[in-house]
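On the provided structure of chain A, position chain B as indicated by the hints.
Number of protein chains: 2
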Amino acid sequence: MFMLHGRLAARPGKRDELLALLAEGEHDARMPGCRLYLVAIDETDADGVWVTEVWESEDAHRASLQLQRVRDQIARATPILDIAGFKRQQLDARAGIPN
Amino acid sequence: MFMLHGRLAARPGKRDELLALLAEGEHDARMPGCRLYLVAIDETDADGVWVTEVWESEDAHRASLQLQRVRDQIARATPILDIAGFKRQQLDARAGIPN
Numbered sequence: 001m002f003m004l005h006g007r008l009a010a011r012p013g014k015r016d017e018l019l020a021l022l023a024e025g026e027h028d029a030r031m032p033g034c035r036l037y038l039v040a041i042d043e044t045d046a047d048g049v050w051v052t053e054v055w056e057s058e059d060a061h062r063a064s065l066q067l068q069r070v071r072d073q074i075a076r077a078t079p080i081l082d083i084a085g086f087k088r089q090q091l092d093a094r095a096g097i098p099n
Numbered sequence: 001m002f003m004l005h006g007r008l009a010a011r012p013g014k015r016d017e018l019l020a021l022l023a024e025g026e027h028d029a030r031m032p033g034c035r036l037y038l039v040a041i042d043e044t045d046a047d048g049v050w051v052t053e054v055w056e057s058e059d060a061h062r063a064s065l066q067l068q069r070v071r072d073q074i075a076r077a078t079p080i081l082d083i084a085g086f087k088r089q090q091l092d093a094r095a096g097i098p099n
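For the protein sequence lines, the chains are A and B, in the order given. Counted the way UniProt numbering counts, the first sequence spans residues 1 to 99. Counted the way UniProt numbering counts, the second sequence spans residues 1 to 99.
Some hints could be false.
What the hints assert, rightly or not - On the chain A side, residues computed to face chain B include the following (Cβ under 10 Å):
| id | residue |
| --- | --- |
| 1 | 32 |
| 2 | 36 |
| 3 | 39 |
| 4 | 41 |
| 5 | 44 |
| 6 | 47 |
| 7 | 49 |
| 8 | 50 |
| 9 | 54 |
| 10 | 56 |
| 11 | 58 |
| 12 | 89 |
| 13 | 96 |
Hints are computed from structural coordinates only; laboratory data are not their basis. All C-beta atoms in this analysis are idealised placements derived from N, C-alpha and C, irrespective of residue type, glycine included.
Okay, chain A solo, but in the shape it has when bound (with noise of 0.2 Å):
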């Protein structure tokens, strides 16, 4: 299954509150064929925050970019990024994927 496991650079000092903004999302509906959508920090890294997502399809993942909580959630985040610091790797997940 379509999993990413990838590091979005926060602007010095805005770590936490890109942390808070991804974090929202946490209690709402599940998007549509998203199986982990998990958000972490890693202690040795001040400016990263880490998701790792899984999802049914690559184009499910594709589409929830569309969706308007997410395109909301996307323009908040914008002006605390630093595209330049981000990493992304992509696996296919095999097993222990969450219902």
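Below, chain B without anything else, positioned relative to chain A:
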């Protein structure tokens, strides 16, 4: 919450065998304190099996290594592992943690 995202390296040609071994526990009862044990591959990484884990505490993770089924799994995996190729990122999961 205690989280690991890491690469277990298989000896050349042994990745699928390692993947199958790590995926075996998928339908077993969850290990105490384990909230996620996700096994994946990276299409650009022929010898790696990537495991993303979330545990209710570092102690819960450490205790799991003493479980007989985990000890058996490690014993069976050891001959096909390339320890030098291991990678390990420790994180702190903050949102979107499976129940």
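Here's how the hints hold up against the structure:
1. 32: At about 16 Å, which exceeds the 10 Å cut-off, the nearest Cβ of chain B leaves the hint on residue 32 of chain A violated.
2. 36: At 7 Å from the nearest chain B Cβ, residue 36 of chain A passes the 10 Å test, so the hint holds.
3. 39: For residue 39 of chain A, the interface hint holds, since the closest Cβ of chain B sits about 4 Å away, which is under 10 Å.
4. 41: Because about 5 Å separates residue 41 of chain A from the closest Cβ in chain B, which is inside the 10 Å limit, the hint holds.
5. 44: Holds - the Cβ of residue 44 of chain A comes within 10 Å of chain B, reaching about 8 Å at its closest.
6. 47: violated (14 Å)
7. 49: Holds: closest Cβ of chain B sits about 9 Å from residue 49 of chain A, inside 10 Å.
8. 50: holds (6 Å)
9. 54: holds (7 Å)
10. 56: Violated: closest Cβ of chain B sits about 14 Å from residue 56 of chain A, beyond 10 Å.
11. 58: violated (12 Å)
12. 89: holds (6 Å)
13. 96: For residue 96 of chain A, the interface hint holds, since the closest Cβ of chain B sits about 4 Å away, which is under 10 Å.
Consistency with the previously given hints fails for numbers 1, 6, 10, 11, ordered from lowest to highest.
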